[in-house]
Structure formats: C-alpha cells, structure tokens
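Taken in order, these protein sequences are the chains called A and B. Sequential numbering from 25 applies to the first sequence in our numbering. Sequential numbering from 25 applies to the second sequence in our numbering.
In case anyone wonders, no lab produced these hints; they're calculated from the structure. You may find that some hints are simply not true.
Here are the simulated SDA-like cross-link-like pairs (lysine to any residue), alpha carbons at most 20 Å apart as the crow flies [what the hints assert, rightly or not]:
(1) A:Lys276 x B:Arg271
(2) B:Lys118 x A:Asn387
(3) B:Lys123 x A:Arg393
Here are some of the chain B residues that sit facing chain A, going by a computed Cβ distance under 8 Å [what the hints assert, rightly or not]:
(4) Met267
(5) Ser274
(6) Thr277
(7) His349
Computed from a predicted structure; not experimentally measured. Glycine residues also receive a C-beta, built at the ideal position from the N, C-alpha and C atoms.
Residue-level listing of the chains:
2 protein chains.
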Amino acid sequence: MIKYSPGDEVRFRLARKELTGTILESYDPRVVLLKLDSGYNIGIPLDKILDSKILKKFKEVEISDEDFVSRKKGLKKIGLVVTGGTIASKLDVKTGGVKPLTKLKEFANFYPKLFDMVDVKKIEIPFMMASENMSSEHWIKIAKSVEKLLNDKEIEGVIVTHGTDTLHYTSAALSFFLKDLNKPVVLTYSQRSIDRASSDADLNLICAAKMALSNVAEVMLVGHASTNDDFCFALKGTKTRKMHTSRRDSFKTINDIPIAKVWPEKIEFLREYNLRNNKRKVNLDVNFSDKVSLIKYYPGQKANILDFLSEKCKGIIIEATGLGHFASSESKNNWIPKIKKLIKKGVIICAVPQTLYGGLNPNVYSSGRELKECGIIFLKDMLPETAFIKLGWVLGHRNWKGKEKEKMLNNFSGELSELLTE
Amino acid sequence: MIKYSPGDEVRFRLARKELTGTILESYDPRVVLLKLDSGYNIGIPLDKILDSKILKKFKEVEISDEDFVSRKKGLKKIGLVVTGGTIASKLDVKTGGVKPLTKLKEFANFYPKLFDMVDVKKIEIPFMMASENMSSEHWIKIAKSVEKLLNDKEIEGVIVTHGTDTLHYTSAALSFFLKDLNKPVVLTYSQRSIDRASSDADLNLICAAKMALSNVAEVMLVGHASTNDDFCFALKGTKTRKMHTSRRDSFKTINDIPIAKVWPEKIEFLREYNLRNNKRKVNLDVNFSDKVSLIKYYPGQKANILDFLSEKCKGIIIEATGLGHFASSESKNNWIPKIKKLIKKGVIICAVPQTLYGGLNPNVYSSGRELKECGIIFLKDMLPETAFIKLGWVLGHRNWKGKEKEKMLNNFSGELSELLTE
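Isolated chain A, as found in the complex (with noise of 0.2 Å):
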C-alpha cells in the first residue's frame, strides 16, 4: 500500500467504485477520511481500499518574500477591498472544512491571474469575517473603504470580495450607500475554495477585474453565469439573491435581467446601465438604522409576533403570500387590529413577495385591499433582502420623517423593475 498524507489527492479502488479525491487527517488509523471532488467527505474502512494511487502531492503554497502585491507596471490601476469568506480560505486539512487565509501574501500568491492583470494599487482589509456574522457596522466600513479607493484618482474601480452567505445584503447595502457613484463597484466571491479542482474563484476573480475596468458605474456581483467555468454574469447589487446552497452559479438575478456577460477578455452587454464619470467623487450616505427587521408570513402565524418586534423596531418588513396577503379577516388570526394599532403608533410596515418572484399587486383580493386600507407599504417586487436594507437606510435618515412611504417606492437603485410582465 502507498503511502499518503494529509492533503495529497488520490484515487482509491474499492470493490464496486473508484472514488478520488483529498486525503483529510483522521483519528482513527483505521479509517481514511477523504474529501471527495463533490465536496462531501466520507470515511472508508482501510481494509476496503483495494488499490490507491497518490495523483498529486500535498504541497504548501509557497510565501514569497517579495513585496505581497507584485504590482506590474503599465496595467491599468484597480483598487481591491479583502473582507474574508471562502475566497480568502483555503481547504484546512484537519478538518476537511477550510480556514482564512491570514496574511494579504498568501491571497496575492493564491490568485496570481488576478495581479497579471491588473496593477492592484491599494488593499483594504476593514476585518475579516465569515459573511453570516457581518452586520451594518460591516457594510459601512466596507463602503467607506470603498469610497476611499473609488475618490483615488489613479484607480479605474474597486473590488470586493466578500464570503457568499450574505453577500447579497452587502450588496443591496452599497447601493444606497454610495451616492453619485462614479466607478464600477464589483462584489466577487468563491463557493469552492481555490485549493480545490473544481473552485470558481479565479474566473470570478478575472471577470470582476474585467467590469472593475469597464465604464459601468453601477454596485454589480459578479460570479459563475452557469456550473461550466466558462464566462460570468455581471448582477445589479439589488436585484441579486444566493439561490443555492453550493452551487458556483448561486446569485441570480431576481425579476431583472443581468447587466452583462463577462468573459476575461470580452463584456457582452444584456442592459442599459450608469455611465463612469472619473470627473465625479462618489459620496457617502450611510446613515442607517439597526430598528428593523424582517419576517416571513406562514400560515397560522399569530400576530403578537408584531409586539415583540415593534419593541424595538421603527420598521417591519413582511414576506406576504402570493399577491401581497396576510392573516385578514377572514382569519381567526386575523392581523389587521395588530397592524392598524402599530401603524398608528407609527411603525412602518412593508410587504416584499415570499415568492421572491413577481410583483405585489394588493387590488386584486380582499385580503389584499384590506391590508392596504390599514396603511402597509406594497413594495412590488423589491427582493426582502434589499427592502429589510433599504427600510434600515430610510430610518437613518431623520430628515425622511413622515416620508418613509415615499422614499420607500422611489427608486434609488434599480431595486424596483420598472416593468413586469409574465
């Protein structure tokens, strides 16, 4: 029997299958843990492995002692915000999940495509975290960093990369927060880690740079357009909402169509956009206010949870079924005092489709009528995610008083359709 480390990628036969994939560290000497190729780690009796064979060893990336960014002179200038997640990770042998990269030299040295194409002038590090732990403190200081690099002359636009649980809420967050945006914004990610065959990180990583130096002046996500490694989609900030679990093509856009295609070396444009203006210095607007929140309706759900939370909140955001309904009066659970005594009281309640698909359209039913006579705000086919961010950006600002509902509709950054049609 061969002899396999940690980290080496092998290929084992057993009786009915070959199975390949990474070799984990495990503590029991008689059983090997292996991450396969699918993301799923298994462990196999020893006594079960026929034959194996080592396909590649395990080696560490080496750490140059060059200065971490080796910048190229003539390429064109970008300006990159590092914020943590799976593409600043990398697989952790110990326990078949993966750790952060800690220091900024080893993601320079694990995207070197990246920098070939690019001269990356400045880093920003705000903190490094695991998406579903960020709150608001996190999408201001990265939108500061980010008006930071935008308001630098030399550079042509920024990218962030970003963990993929919540990156579309920090998303949604820097389009209301960066005012008169004058360069491309562009959110990337990875969903497999780029020490594994199959990650998508360094296509992400190419196309983001390719629409960082485009003349689209719009917050974008840019990641996988399809399981193939093949081009990307270039995903306006709010209209944008991880659609699967692990999948490299999860962020879709929502009741919208993409901005672009994106190949490495070419754009093909789907829709109109906001033109770059060098000339322009992007500004800050991030007031925002941590008194919202949001619930998904389901049927039988009593409405005292609309006590509990107006406690602390000025704003609820409701996922309504189909067309924008609720518990109505013809409901032993009826909402409609609970929701009428809050309005009163002067918390602002929205409905968002739990659909996520589609428009809100209160006229058609009873329920619906009835809950728009109470004073809700229908926000036809804003995403829940973007409508919970923008409500806590409407907050914030104290000067908005008495026109939430205003504001609420008006269209600030592409977060509601123009026109649906079926």
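Here the structure of chain A is known, so what remains is to put chain B in place on it, guided by the hints.
Same frame as chain A, but now just chain B:
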C-alpha cells in the same frame, strides 16, 4: 360612442395605441376603468378614447336548474374537495378584483370540461377560504375530507381545489397526514379566474383529473408547466413552492424533478412514484402541534427573537444562510449561547436553507460546525415550508418524544432528496 357596461370585453383606440380588456365599474363618469388582459387595471379619461368596439357583451353565467353536478354515466369516478381560492372565484366588476363563487352550482357551470371527462361522484366543501387565512385546523379538515373520498371504493382519486398563496403548505401537510396512501391526491388551483381570457383553470383541472385517474398514489400538485397553456407538471407535495406572485407556472419543484408531464390526453413520467393500491385503506395521522414557528435569519438579527418564540413554541425552524449558518462566536450577535440554552430546555431547533435550492452541510465552515455541536438539526435540502409543517406534525406525536431528530431526518414522504448533485 358605443355604450358599454361593466364586464364587457372591449377594444379602445387611443392616440398612440390600442388597448383591450374588461370594463370595470367606475365611480367617476369621466374615467373608464379597464382591466387589461395582463391583469393590471388602468383608468382612461373618456376624452382620450378615440374609438371603441365591444368584443363580447358581459353575460352572467346561467345557472341550470338541474342537479348541480351533471354526472355522466360510464365515466370513471373521482372525488372533489373545494376549499376556495381563485379557482373558485369570478371577476368582480365592481372592484376589478375577484370574488368567491358562493354556490357549488356555479363551480360546475364554470368547469363543464371537467364534468365531461370524469364522473364527480362526491363533492366535499369543508370551508371556502382564501389560503392565506388558513391554519392547521383547515389542513386537518381537508385531510379528513380527502380520507373519506379515498376510502370510497368507487372513487379512483381525489382532486382538491385550493388558493395558491399557501397551497404548498397544504400539500406538505396532506403528504404527512395521509398514511398508506392508496390512490392519487391531486391539488390544483388557478392564478387567473376562469372568466379571464388568460385563465389557467381549465387546463389545470383537466390535467388534475388525468392524474387523479392515474396509478400514482402520491400527494401531488398539478398546474401549468410554463406560461404556455399547453401542458402541466405533476409535482411532489413536499418538494414544491410557489415561486412567482402571478405567473401561471408559479409552482416549481425545488431540489427534485417533477413526477410527470401531464397533457389532457397523456402522461409522461419523469421519475419513480408509489403505485396505486385500491384494496388498501388510507389512514389519517393528523396529530399536529401548533407550537412551532419559522424564522429567516438575517445578518445583524438579535438572538432574543428565540426567547420570544420559545415562550410559546416547542420547535423552531430557522432559515439559515449558505450551507447552514447564522451568527456564531465570531459575531457580536453570537446566537450560540442562546441556542444551547434553549436546546437544553428541550426546544427542538432545526436549520433549513434560505437559498431554497441546494442542501445544508454544517461540516465545511466553522460557523456550521459550532452550530452543529449545539444540537441543531440540519434538515439537508428540506424546504422551509415543508420543514415547518413536518416539525408541527412530529411534535404532535407524543410517543415520538425524544425521537424528534430521528423523525425529522426520516424521509416520510420524499421531503428529503436522496441525492443532490450540482
């Protein structure tokens, strides 16, 4: 100018375009209200209408004086459960919305094609209600009606007509409530009421009847496969979700494939299914605890929502981000201590993917591993709505106390996909 009345289908010529639609009642004599074929209502100032033509005069559907169900001899027999919703509604020319059919006679008169195709032996109307207003008592009533019909030896299968808003909750409930299913149970719906040109009701009902006569002993949802009015899908009751507010093909199979394509004259099967067994009796298992709740985690959310929910609930479903994450020890909003406390107190906490597509895997990232160690039950690729129903059903069984995890991960009715690949 031609004289038209509410309900008439008309064509108007304006300065720049032509519009066709249905006249609605208007309280302003200077404005004509028109329901466009797209479903939108618009007001047109009278003086903007250059020319108009009546395409079809409105006529109240005549109600025959015969027995309300015109049963035809020699056809196969089915049972029908009518519960309300758009499929049992008609256009209300006063509001431009829809109003429920109040008499069963009307239902039969609206859908003559169904009654030409099958012999509807028995009709049950447990209640008439918009589905957003339902709760567990209604799922139980429907299950009891269905059981009665299924155990009638002459009846080949049962059709349940239902509103769309929460149809996928009801289909999940019936999937768990009806044990040892002997015959087809087919839920169907319409997104556009039958008196609209674009109604989907006729095709859905006829395809539902086709499936009700088939050999498939499953709880299924039958409806438009695309926006074309050509064929339907039969979808599994536990793997289906309403994914659009208004399209006729709103219901989508998530993490699974449809059971079949259904045309009025044929069925094309796409996967395996449980076979009909007319000799078996179906058994009701409607034990259900309402002490469950469903929340969606969002970044920045405080863990005290769990305290509020657990005051009344024995079980909580959390829609987690990514592969099964919410705020962990890295976050200032760390949910871990509260979750540990509640699980110790006996609260059952389960995680499902808020991406909807894909499955959870808590082993990849440190947040996931921390949460797994707390005792959270990760429900793989189960839909949030299905998980909510299933947890209520599991907690409704007192004799399953202590076995909640085993039961939640036991695949009772196809709620977990056997294999998920990219």
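Quick rundown of the hints versus the structure:
no.: 1; hint: A:Lys276 x B:Arg271; in the structure: holds (19 Å)
no.: 2; hint: B:Lys118 x A:Asn387; in the structure: holds (12 Å)
no.: 3; hint: B:Lys123 x A:Arg393; in the structure: holds (12 Å)
no.: 4; hint: Met267; in the structure: holds (5 Å)
no.: 5; hint: Ser274; in the structure: holds (7 Å)
no.: 6; hint: Thr277; in the structure: violated (14 Å)
no.: 7; hint: His349; in the structure: holds (4 Å)
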